[in-house]
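Participant: Letter by letter, the chains look like this.
There are 4 protein chains.
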Amino acid sequence: MEYRHLGRTGLKVSVISLGGWVTYGGHVGNELAEQCMKAAYDAGINFFDTAEAYARGDSERVMGEVIKKFQWPRCDLVISTKINWGSHNASSTEKAQNCVGLSRKHVVEGLKASLERLQLEYVDVVYAHRPDRDTPMEEVVRGFNHVIERGWAFYWGTSEWTSEEIADAWRIADKLNMIGPVVEQPQYNLLTRDKVEKQFAPLYEKHGLGITCFSPLKIGVLTGKYNEFKIPEGSRLATATDPFTTSVRAKFDSDEEMKKNIQAARDLKPIADELGITQGQLALAWVIKNPRLSSAIIGASKPEQITENVEALKHLDKLTPEVMERIEAVVKNKPVLEPRRFT
Amino acid sequence: MEYRHLGRTGLKVSVISLGGWVTYGGHVGNELAEQCMKAAYDAGINFFDTAEAYARGDSERVMGEVIKKFQWPRCDLVISTKINWGSHNASSTEKAQNCVGLSRKHVVEGLKASLERLQLEYVDVVYAHRPDRDTPMEEVVRGFNHVIERGWAFYWGTSEWTSEEIADAWRIADKLNMIGPVVEQPQYNLLTRDKVEKQFAPLYEKHGLGITCFSPLKIGVLTGKYNEFKIPEGSRLATATDPFTTSVRAKFDSDEEMKKNIQAARDLKPIADELGITQGQLALAWVIKNPRLSSAIIGASKPEQITENVEALKHLDKLTPEVMERIEAVVKNKPVLEPRRFT
Amino acid sequence: MEYRHLGRTGLKVSVISLGGWVTYGGHVGNELAEQCMKAAYDAGINFFDTAEAYARGDSERVMGEVIKKFQWPRCDLVISTKINWGSHNASSTEKAQNCVGLSRKHVVEGLKASLERLQLEYVDVVYAHRPDRDTPMEEVVRGFNHVIERGWAFYWGTSEWTSEEIADAWRIADKLNMIGPVVEQPQYNLLTRDKVEKQFAPLYEKHGLGITCFSPLKIGVLTGKYNEFKIPEGSRLATATDPFTTSVRAKFDSDEEMKKNIQAARDLKPIADELGITQGQLALAWVIKNPRLSSAIIGASKPEQITENVEALKHLDKLTPEVMERIEAVVKNKPVLEPRRFT
Amino acid sequence: MEYRHLGRTGLKVSVISLGGWVTYGGHVGNELAEQCMKAAYDAGINFFDTAEAYARGDSERVMGEVIKKFQWPRCDLVISTKINWGSHNASSTEKAQNCVGLSRKHVVEGLKASLERLQLEYVDVVYAHRPDRDTPMEEVVRGFNHVIERGWAFYWGTSEWTSEEIADAWRIADKLNMIGPVVEQPQYNLLTRDKVEKQFAPLYEKHGLGITCFSPLKIGVLTGKYNEFKIPEGSRLATATDPFTTSVRAKFDSDEEMKKNIQAARDLKPIADELGITQGQLALAWVIKNPRLSSAIIGASKPEQITENVEALKHLDKLTPEVMERIEAVVKNKPVLEPRRFT
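Protein chains in written order, with the working numbering: chain A, 99 to 441; chain B, 99 to 441; chain C, 99 to 441; chain D, 99 to 441.
Worth double-checking, as some hints may not be accurate.
If several chains are the same, the list does not tell them apart, and a pair holds so long as it fits within one copy or across any two.
Straight-line Cα separation of at most 20 Å, EDC-like style, residue types lysine to aspartate or glutamate; simulated pairs [said to hold, decoys possible]:
id, residue 1, residue 2
1, Lys-210, Glu-258
2, Lys-323, Glu-406
3, Lys-296, Glu-263
4, Lys-293, Asp-415
5, Lys-210, Asp-156
6, Lys-432, Asp-156
7, Lys-387, Glu-420
8, Lys-387, Glu-100
9, Lys-193, Asp-140
10, Lys-166, Glu-100
11, Lys-193, Glu-132
12, Lys-193, Glu-262
13, Lys-387, Glu-132
14, Lys-167, Glu-331
15, Lys-167, Glu-132
16, Lys-193, Glu-423
17, Lys-136, Glu-263
18, Lys-412, Glu-236
19, Lys-193, Glu-409
20, Lys-136, Glu-192
21, Lys-296, Glu-436
What the hints contain is simulated information worked out from the structure, not anything from laboratory work.
Turn these sequences into a full structure, and let the hints guide you.
Facilitator: See the structure below:
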């Protein structure tokens, strides 16, 4: 396994990490979740990502149970969770007013509830799961620093914030002598590149921002499994019942963006074939080639998927400058950076 | 229910909240108090206000018992208490020297005692119940920040402070990189408007001050129940034995201010009748129309009162600009703001 | 009882307080100590002073037992202790290197040990018992602020520091946004006035320094009990075996300073007689007339002494400007303040 | 025993301290370790140094057991440990990514694990065991201040950092109003002088840096035990199996540096003989003569070694200016300080 620093921090994370998004606590049974986490751990993955929102807290519960069962030493692991969407903690939707967002109340109460579900004393990284534009940035920065001071997390990061919001958080943290967000978690893959390669560009040097990306395989499109423009029987997209998957499935046939993406995946296939690797490995290796990336978060509903994904690390060298250029010629989406005199 | 942010914080509070002033722990029996809190909770009220001073701590005890009994999730609720008058914690009046005021000692000891009575780990908001002009503002600001740091409250506010005192607290909090008071709790109603509409005007934009007001119905005068210039039999004013109510009752017949207020209430009746709402609903709706208000704190000794009050929210639209002008023509007390070039 | 603020803090202390210096835990039996504390408490004294050094910790132990026995509410009481001389915590004199002084280690360990002996969660005020010129002022200021942050004290003060040292502590506290020492505890009485009336003069306005003085009766000289230039049989000075008392006794007959002081006490007798009060009451009332004084700490080995001392408060008015001038004419030690343009 | 302040702190440490490097928990049996610690304690040594790395945590375990067994009062002792190399806490070498270094995670987790092994609530001093150039200095400074705030240590220091790194830590600590490293632990002896006497020169006045040195006898060379250019049978160098000792042994015969050092030791023998002290005592006394040194850390596998070393303190006066010059003439390595106008 390759390990990278999480942005400019001293924390080392495996460049591939395992996320518990729609899967653990959701449509993947607890036993399979356990097998996947075990396979990941055995393959050298030390970084496990979850969120209070995933499967209404069940993703955290499952992860907590697995960590406890295998008695993995705490220092072996980097555990992250995300706070913003904890309405399942409330007794009703109307009562959930303060179970969402990034108010000091919810940052404290949300993280406390997460730690109970995880059966942990602390997480390593706590993310602001999306910005909360109704809460002043100073309250957000103070809230996350408060939970760090209390020993419930070592670092805090953001997920799907704009570069302006991240810069603003740093401006306030600097003013208050506090800690700013050390990592952002956006989507990043061959088909979605703008944020990581362009928008966040000024933040890397200035604030040492790290990137942990989700969806490195573009919800599977880049593995080639939709290359026939159809949803394979028995796949997650065919069977899962969470709102996100359901909505993707509903508009699958009419979604022009989806068609364009599948076409790109089809066009990348010859390159993968030529290198003797799977399409998924090609896509994952490409993401990992970006040195700004600290870790690519993969999902898995079967241990074999983890093995295949980790295998990608052996083939990084195959992505030579020439191959990279051929890939660019297919995806045709390389962001153009604007010159900037100062950062 | 409508929910608003508490001033510029990320906390969401129901625009109507329930207070436990002379009632819970006082002349209203515990069973009725329980019914009222339940009715409020069921009606979407998430914000419950009390104080160490109310009924010598019994208001907090009753609230704590009710919260415990119904096992309402903590994140459902926004609980506030107020510190300044805890002489009942002492063994005698003379011994109560440090059970009142806003010294670091009493802020810590008072809040600790309140939390024990409430059976809570923390309140959401702790108020300075009146200013303490014998304690330096820096000690007050440090004291409230200290209890926030220790996890006993998320925010602090003031009750019946002047605008200069609030601005001074912010000046010191800013200097010390601390948190200033996010909310003030004054009296505010159709008959008492100066503070909220004029004195505090510069604080809203500058410090994001929120307002939670007490006495939106002017101790019942605006419900019309004294329209006959008499105390109705069986009413709280006729029966309650707390010092405040007793003193109001004693001077009722000779109080010119009271007569003027009752006359205004009588003059507002035709407007309420015309809109097809009660006088109390008109008065409460008028308060809530002020967007500076975060929450109007009502008292209740019967669950029905809560239902009637919450009903007012359905009629906010009836207070059209034209109706608002007719109301102004009755009360004739609209504050005139002085122009100010800078805030 | 009269209560005053402790310097510029919000804390209220009885203007007469009870100290447990050579007495409690020392030559005064526990039962008498208990009777004295009870008498003091009943007389309205709310402020009890001790130190880790007194009677090798036994003064704290006795005070703790008495507080526990009578179940006095914590908020009734203002308890202070002092840290600097805890060598009795060590297993030998040589091992006591870090059981004395104001290093961060000893401030933390000393106060922890004091709280255990007192059976309290916190004291109200912790004093630096004499300066420690081997420890940098920044470490001292940080140490006392650290124990305040941890909730083990509300305020810190100094005992027998110079005005320059107090000013330096404030300079550093201000720089670090920390809390400076709010009170100094020097000797102050009719015969020793320079520090309180002259040296500390610039600190009262600038830093709001409060004064709690010890020895208001000049170890009894001002009560007139040595007016015959002899040690009365059975008195503490005749019987106590602590090093300080022993050394005073040893040089009693040859001590020119002592003789001068006794002569002054003799000369004050006619004034006391004329006012119809005891010499001790005159001396104590004189100290209390100084508005800079927050509290005068008295010792007592018999409950009657407390009654007599507290009685002095009834006679403050007798010290008219004319009487004050007659007193000055006897003691002839009024400090001359140098003019100062800036403080 | 002589006690010195640890740099500019208020902490007093014995000028000779006992370290548990390759010895306790390692090749020296627990019973001998216990005898050595007891002998040291009885000889007035109050300062015991260990590290998470020593003997994979066993050095801490042994020390903790001995402290517990003899029930030495905590305030008698100054205990230091070092954090940076805790890979033994992990389940495998690959999993140890975050069990080494000075990330916030490892500083917290490492010290927590050390305290558990030591069975202590806190250490007095926690060292950064070597710099971690992959972690930003701000994270390091914040991490050590965080554990101090939580009450797990009173001071922090460095071990084998460069002067630039120490100065940088202070620059950041000053900016953040935090505590900088108060002590550095380098090698220092007659044969290795550059760091202590030259590189760190600007730091003593500016930051009050203290020095605790290891290897004052140059792994025994300066005791004269290798004067015959041979490893004595039964010595630690002949028998210990830790990697460091093994590597020294392996290259002993071919190591030119070693030969030069032994030659110097041989040349110092006549001076020691003339003064009537052992070569080891001469070397140790020479180190202690440097007033910048707070404590020289000795190792010991037999109680007698401690007695001999402590004996050196009686002979400090024998190192007159003339003797010091003769020593310089033998070692010929006196650093030349460059003039500097400002520090």
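Participant: So, for every hint listed, does it hold in this structure?
Facilitator: Results for each hint:
| no. | hint | verdict |
| --- | --- | --- |
| 1 | Lys-210 x Glu-258 | neither (23 Å within a copy, 34 Å between copies) |
| 2 | Lys-323 x Glu-406 | within (14 Å within a copy, 60 Å between copies) |
| 3 | Lys-296 x Glu-263 | within (15 Å within a copy, 34 Å between copies) |
| 4 | Lys-293 x Asp-415 | neither (25 Å within a copy, 44 Å between copies) |
| 5 | Lys-210 x Asp-156 | within (15 Å within a copy, 30 Å between copies) |
| 6 | Lys-432 x Asp-156 | neither (38 Å within a copy, 55 Å between copies) |
| 7 | Lys-387 x Glu-420 | within (14 Å within a copy, 66 Å between copies) |
| 8 | Lys-387 x Glu-100 | within (12 Å within a copy, 50 Å between copies) |
| 9 | Lys-193 x Asp-140 | between (42 Å within a copy, 10 Å between copies) |
| 10 | Lys-166 x Glu-100 | neither (25 Å within a copy, 43 Å between copies) |
| 11 | Lys-193 x Glu-132 | between (34 Å within a copy, 19 Å between copies) |
| 12 | Lys-193 x Glu-262 | neither (32 Å within a copy, 36 Å between copies) |
| 13 | Lys-387 x Glu-132 | neither (29 Å within a copy, 54 Å between copies) |
| 14 | Lys-167 x Glu-331 | neither (33 Å within a copy, 50 Å between copies) |
| 15 | Lys-167 x Glu-132 | within (9 Å within a copy, 38 Å between copies) |
| 16 | Lys-193 x Glu-423 | neither (53 Å within a copy, 36 Å between copies) |
| 17 | Lys-136 x Glu-263 | neither (37 Å within a copy, 41 Å between copies) |
| 18 | Lys-412 x Glu-236 | neither (44 Å within a copy, 35 Å between copies) |
| 19 | Lys-193 x Glu-409 | between (47 Å within a copy, 19 Å between copies) |
| 20 | Lys-136 x Glu-192 | between (39 Å within a copy, 15 Å between copies) |
| 21 | Lys-296 x Glu-436 | within (8 Å within a copy, 49 Å between copies) |
Violated hints for the displayed structure, listed by number in ascending order: 1, 4, 6, 10, 12, 13, 14, 16, 17 and 18.
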